[in-house]
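Enquirer: Kindly produce the complete structure, drawing on both the sequences and the hints.
Residue numbers (the working numbering): 45 to 460.
Since the hints were derived computationally from the structure, they do not count as laboratory data. Possibly wrong hints are sitting among the right ones.
Below, a list of computed lysine-lysine pairs in the DSSO-like style, where the Cα atoms sit at most 27 Å apart [said to hold, decoys possible]:
1) Lys87 x Lys355
2) Lys136 x Lys175
3) Lys87 x Lys313
Derived DEER-like restraints, expressed as beta-carbon distance ranges [as the list claims (entries may be wrong)]:
4) Glu132 x Pro155: 25 to 35 Å
5) Ala299 x Ala270: 18 to 28 Å
6) Ser158 x Gly409: 35 to 45 Å
7) Arg407 x Gly129: 21 to 31 Å
8) Glu96 x Ala299: 35 to 45 Å
9) Gly409 x Ser243: 35 to 45 Å
10) Gly404 x Arg329: 28 to 38 Å
11) Pro220 x Ile297: 13 to 23 Å
Small disclaimer: the values here were computed from a predicted structure and weren't measured. The C-beta atom is built at its ideal place from N, Cα and C for all residues, glycine as well.
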Amino acid sequence: MSAIALLQAGCGAPSEPVGTNSLAIASPAAQPRPEPIEGDELKARLDKTLEEVFERRTLNLERNAAWQILHGVLAYRMECLMETGDSESPMKPVVAHLLGGGEMRGWDVHPGVSFDNGRRGLRVAMDVGSKAGQGHPDQWFAILAQCGLPPTQKVMLKGQEYMLADMLQQIQFEVPRNETAEYSWTLIGVTTYYPTTVSWQAIDGETWSVERLVEIELEHELDSSACGGTHRLIGLAMARNRRAVDQDPLDGIWATVEQRLADAVERAKSLQNPDGSFSTHYFARPSTSPDLAQNLGATGHILEYLTIALKREQLDEAWVRHSVEYICDLLERTRDLPLECGALYHAVHGLVLYRERVYGPRRFGKPETPAATTPDAKDAPSDVKDAPADAADAVDRGKTPPDAADGADAISEPQA
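Expert: Written out as structure tokens, the structure reads:
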């Protein structure tokens with residue numbers, strides 16, 4: 045297997061150096077496994093794996109950049125910790141550090157436009173390919189949105205106080221400037237705080253909407269998209285889930301979304317390898333690789349998508365459990381090796397989501413881990429509301445989860 049693939053932008057390098065000979069671990073892709081474990085046994089396996097990654101794969105403010113560290117936040121959210129190099133506070137919650145005005149290489153945030161509602165936006169710069177800064181449009185906001193933060197969440201920048209909603213308003217205003225027309229992460233962020241019926245006026249003077257972003261996403265082929273198209277699928281799935289939360293019909297373009305999601309699920313299942321891994325060519329064709337980094341990247345991204353798109357009962361199916369067990373096994377076998385952060389934490393995020401939907405949520409680290417502070421609700425713009433809970437499960441139930449509907453109908457068009 046490739047040592048470079050595992051070591052590039054490595055996350056959580058072990059305390060002792062690892063020689064390249066240690067990377068030559070045989071892939072079991074051609075070795076079928078018995079019936080995958082389930083129930084309490086699978087729950088225990090998940091918890092062991094997730095806790096071990098949390099404890100052993102330590103992110104470091106000096107060694108790692110925002111690209112690596114925020115992938116950790118995607119998986120562990122508010123509980124994600126990093127080493128700071130500060131003797132007085134050696135470990136610090138990542139989100140609290142960033143939103144409290146802390147600096148980080150690749151966290152490139154600037155004041156944005158002054159809007160008619162009296163707020164000023166926050167703009168996040170792109171830094172494609174650097175593996176330091178934001179690699180996809182609106183990626184950082186989408187990761188923060190999945191932490192369950194309210195729109196009133198305080199964001200400090202160079203001594204000035206903003207809110208998370210200011211970052212969202214800037215994103216909506218500048219959607220026409222998305223040069224790659226990649227709106228996967230934009231959809232995640234916008235539909236976390238708005239219903240899918242929302243529309244707004246952007247910098248080009250035109251009316252934009254969630255449905256317009258969905259139409260653009262549907263125009264792109266999965267095979268030519270980043271990470272096999274899994275990001276596009278996740279954005280579409282989360283928008284579909286929000287629509288289910290709001291009890292809006294899945295007709296018109298949303299019927300097309302449903303078919304796209306279902307086709308991808310069937311394709312992933314049909315291309316799954318005997319050992320539980322998914323094709324290293326994602327949804328394109330059957331494939332496996334002796335490179336464990338490629339297997340982790342493909343299987344992790346696809347499982348992440350499945351945990352968002354599938355109904356609850358589908359997560360109990362043997363083929364899905366097989367992929368969960370495969371990732372747990374792979375992370376255990378590579379526990380002493382540095383892994384590329386994108387592949388690692390997308391896979392861990394998939395495991396976290398599976399654990400939450402099947403067995404319920406669990407905490408990581410110390411219970412007293414502090415969360416970032418939130419300003420009073422009176423300071424919030426009136427058109428943005430808290431993120432709905434359990435959106436994926438609302439697809440199963442056909443009803444709105446607790447607290448999700450409150451204020452949804454009251455969300456008005458954002459001012460630009």
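Enquirer: Output the indices of the hints that this structure fails to meet, ascending.
Expert: none
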